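Participant: Based on the sequences and whatever the hints tell you, model everything.
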Amino acid sequence: GENVEQHPSTLSVQEGDSAVIKCTYSDSASNYFPWYKQELGKGPQLIIDIRSNVGEKKDQRIAVTLNKTAKHFSLHITETQPEDSAVYFCAVCDDTGKLIFGQGTTLQVKP
Amino acid sequence: GAGVSQSPSNKVTEKGKDVELRCDPISGHTALYWYRQSLGQGLEFLIYFQGNSAPDKSGLPSDRFSAERTGGSVSTLTIQRTQQEDSAVYLCASSLASGPGELFFGEGSRLTVL
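For the record, the sequence lines run as chains A and B. Residue 66 in the working numbering sits at position 66 of the first sequence, with consecutive numbering throughout. Each number in the working numbering comes from the position in the second sequence (counting from 1) with 111 added on.
Please keep in mind that the hints were generated in silico from the structure rather than gathered at the bench. Please read these numbers as outputs of a predicted model, since none were measured by experiment. Among the hints, erroneous ones may be present.
Claimed, not checked - Residues of chain B clear of chain A, computed beta-carbon distances all greater than 12 Å:
1. P119
2. K128
3. S138
4. G139
5. E155
6. S177
7. T187
8. L202
9. T223
Unchecked claim - Label pairs and their computed distance ranges (CB to CB):
10. G151(B) x E15(A): 19 to 27 Å
11. S28(A) x V123(B): 39 to 47 Å
12. G1(A) x T181(B): 25 to 33 Å
13. E15(A) x Q194(B): 38 to 46 Å
Ideal placement from N, C-alpha and C gives every residue a C-beta, glycine not left out.
Facilitator: Here it is, written out as structure tokens:
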């Protein structure tokens with residue numbers, strides 16, 4: 001089955017700096033790659049996603065890049081703010097339509 | 112309500128007891144998922160319902176776990192003879208259609224097995 005690896009597990013940055021989280025996956029047939037943000041005590045919420053027919057997608061301060069050949073995709077957050085502090089999960093849609101999630105990255109943005 | 116509703120939000124039980132966790136998905140959403148999140152861990156897939164198709168139970172960790180979805184709407188996750196390692200947050204999510212698309216998560220049911 002699909003295997004998703006996410007790095008780093010924790011990331012601490014200064015406010016205003018950029019943060020990058022990377023995920024690798026195993027099934028080359030996968031074609032949908034979302035990122036979710038989970039705040040304390042809440043369920044995860046979709047922040048951005050990308051499909052395999054594009055290499056990059058941006059939405060204000062967040063962007064996702066996809067390298068299908070290398071089977072990895074990354075989340076980029078620029079000009080980080082304290083409210084970006086949360087746990088971020090990447091996910092990959094497997095061949096049955098369900099999402100397989102990475103282990104999560106705890107991002108801390110220090111003011 | 113507008114979102115996915117889960118109950119109870121917190122459940123404390125004794126080892127060996129059975130528990131039921133309920134999920135009320137967003138109206139009209141045909142796909143429903145259960146995930147488990149242990150302390151500080153990622154989201155572990157448990158089971159996936161899609162319309163009238165047979166559920167994908169490939170993530171259930173043992174035969175003590177089962178789930179059903181009645182009338183294509185509300186789902187119940189049942190854990191029999193609970194063990195301490197079952198302690199976790201159980202998250203339910205729904206989506207509008209099968210295949211790749213946004214999952215809408217509830218806030219989860221936190222289960223503590225003493």
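Participant: All hints, please: hold or fail.
Facilitator: Against the structure, the hints:
1. Every C-beta of chain A lies more than 12 Å from that of P119(B), the closest at about 15 Å, which supports listing it as non-interface.
2. Every beta carbon of chain A lies more than 12 Å from that of K128(B), the smallest distance being close to 25 Å; the non-interface claim holds.
3. In this structure S138(B) is separated from chain A by more than 12 Å, as the shortest Cβ-Cβ distance comes to about 18 Å.
4. The claim that G139(B) is not at the interface with chain A holds, since no C-beta of that chain comes within 12 Å of its own (minimum 18 Å).
5. The Cβ of E155(B) does not lie farther than 12 Å from every Cβ of chain A; its closest approach is about 8 Å, which violates its non-interface assignment.
6. Interface exclusion of S177(B) from chain A stands, the closest Cβ pair being 18 Å apart, more than 12 Å.
7. Every CB of chain A is more than 12 Å from the CB of T187(B) (nearest about 18 Å), matching its label as outside the interface.
8. With a closest Cβ-Cβ approach of about 6 Å to chain A, L202(B) is found to fall inside the 12 Å limit, against its non-interface label.
9. At roughly 15 Å, the least C-beta separation between T223(B) and chain A is larger than 12 Å, which holds for a residue marked as non-interface.
10. Checked against the hint of 19 to 27 Å, the pair G151(B) and E15(A) passes, with Cβ atoms roughly 24 Å apart.
11. Range check, S28(A) to V123(B): about 44 Å between beta-carbon atoms, so the 39 to 47 Å window is met.
12. A hinted range of 25 to 33 Å for the beta carbons of G1(A) and T181(B) is consistent with their spacing of about 28 Å.
13. Between E15(A) and Q194(B) the CB atoms are about 43 Å apart, so this pair conforms to the stated range of 38 to 46 Å.
The earlier numbered hints that this structure contradicts are 5 and 8.
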